[in-house]
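Q: Here is how the chains run, residue by residue.
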Amino acid sequence: MILKVLIAFPRPDFVDNRVLNLESGIKNTSLFNGNGPEGIFKLPDKEVLKAFRLQEAFTHSPFGFPSGHVALTTVLWGGSAIIFKSRVIKRLTPLVIVIMAFSRMYLGRHFLGDILGGVTIGLIFLIIFDNFLKSPLKDDFFKKENFELTLRHRNLFFYSVMFVIPIVFTALSLVSSDIVGMFLGTNIAYFLIIREGIPNDSGSVAQRILRVFIALLLFGASSLILDAMFVTSEMINYLHFTLIEFLKAFISGLTIWISVAVCTKFDLYRRDKEFVSSRDAE
Amino acid sequence: MFQTEPIIYLQSLGNEWFTFLMILITMMGSSSFLIAITIITTFGVDFKKVLFCTSYCSGQAWLL
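As they're listed, the protein sequences go chains A and B.
For the first sequence, my numbering assigns the number 1 to the initial residue and increments by one for each residue that follows.
For the second sequence, my numbering assigns the number 283 to the initial residue and increments by one for each residue that follows.
Any given hint might turn out to be false.
[Claimed, not checked] With a Cα cut of at most 30 Å, we get these calculated BS3-like pairs of lysine-lysine: (1) K331(B) to K50(A); (2) K265(A) to K330(B); (3) K331(B) to K27(A); (4) K330(B) to K42(A).
[Stated by the list, open to error] Label-pair restraints from in silico Cβ distances: (5) H153(A) to S312(B): 33 to 41 Å; (6) P288(B) to T264(A): 15 to 23 Å; (7) A206(A) to L295(B): 44 to 52 Å; (8) I305(B) to P94(A): 19 to 27 Å; (9) L306(B) to D267(A): 23 to 31 Å; (10) N297(B) to R195(A): 21 to 29 Å; (11) N297(B) to N200(A): 47 to 55 Å; (12) G296(B) to F230(A): 31 to 39 Å; (13) K50(A) to I290(B): 20 to 28 Å; (14) I305(B) to V164(A): 28 to 36 Å; (15) N297(B) to R91(A): 45 to 53 Å; (16) A51(A) to A318(B): 23 to 31 Å; (17) R152(A) to A318(B): 50 to 58 Å.
Hint data in this document are derived by calculation from the structure and do not stem from the laboratory.
Backbone N, C-alpha and C define an ideal beta-carbon position, used for all residues, glycine too.
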């Protein structure tokens, strides 16, 4: 949580007790009732920042800048438009980002500055991703040999990127802990799947629906069990809350690997030889 | 940029139904929504492309 913690800007309902947190409906008990700084480009008042940073027990998601929802929406929709080469998604992306930004402001969760920070971070990663897609390295991502446990430079590179980068993003607080937990869980799931060979997408509509049903069922069941195991409602320690949320999402993300194994077992999938190691083919 | 007036103004225009709609929209940025979409598209549409997109979002591809 380095970026958000270092900046440590409060959310709007902390700055002004007239702002309602409409997302959770919690009553605003802030001591401040000002309008924030007078100038458009001024930062929050020093007195407010000082009081906010002196808090010993943080509540869930207390930090405002930058908006993780907006950054993630920019990255996801923009990335989907690029990868699926879809004009519809491309046209919808700016609209979805604006609607998401509006909802975050309306619900009292972010200032305009938080929103702009989130969009900027999302766009930076989008540009990096677009450049990566134009590089020859992207094809290596689907080769099984690059995910084997050997000391090849490329393998070490993939491992470090797969497991280190999500943790760095958690530290930078670009997305919330549960979202990073989900991504890290799915990363490991995909890593295990790639080692077996990526499943072939062919199949009837009924088979596809059954695959989705099995995957949703396993994910839903795991989420329910984990929710029962880790009760976070009485926790006031911010780091404990973050860790538990991370673990819950991480374990749920792993169910993707189990789902593929179950679907393969029931002949709803077959391994695609195209993505199996060239060494295996030999 | 860090003023509360625009937020208070927006909230003064809203009602229960609009708030409910905004909560639904903001849920599109939640992990539950994202994982549901990921599962549906992964198992029902295109495994490879969604794998690639999800990996990108998690940072696998971002620094390549």
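Q: Give a verdict on every hint.
A: Each hint, compared with the structure:
1. K331(B) to K50(A): violated (46 Å)
2. K265(A) to K330(B): The given pair, whose Cα atoms are some 20 Å apart, holds under the 30 Å limit.
3. K331(B) to K27(A): Roughly 44 Å between the alpha carbons, so the hint for K331(B) and K27(A) is violated.
4. K330(B) to K42(A): violated (46 Å)
5. H153(A) to S312(B): 33 to 41 Å: holds (38 Å)
6. P288(B) to T264(A): 15 to 23 Å: violated (52 Å)
7. A206(A) to L295(B): 44 to 52 Å: holds (47 Å)
8. I305(B) to P94(A): 19 to 27 Å: The hint (19 to 27 Å, Cβ to Cβ) holds, given that I305(B) and P94(A) are roughly 22 Å apart.
9. L306(B) to D267(A): 23 to 31 Å: This hint is violated: roughly 38 Å between Cβ atoms.
10. N297(B) to R195(A): 21 to 29 Å: violated (53 Å)
11. N297(B) to N200(A): 47 to 55 Å: holds (50 Å)
12. G296(B) to F230(A): 31 to 39 Å: Given about 34 Å between the Cβ atoms, the range holds.
13. K50(A) to I290(B): 20 to 28 Å: Cβ of K50(A) to Cβ of I290(B): about 23 Å, so the range 20 to 28 Å holds.
14. I305(B) to V164(A): 28 to 36 Å: holds (35 Å)
15. N297(B) to R91(A): 45 to 53 Å: Violated, at about 30 Å.
16. A51(A) to A318(B): 23 to 31 Å: With a Cβ separation near 39 Å, A51(A) and A318(B) fall outside 23 to 31 Å, so the hint is violated.
17. R152(A) to A318(B): 50 to 58 Å: Taking Cβ atoms as reference, R152(A) and A318(B) lie about 36 Å apart, which means the hint is violated.
Checked against the numbered hints listed earlier, the structure breaks hints 1, 3, 4, 6, 9, 10, 15, 16 and 17; every other hint is satisfied.
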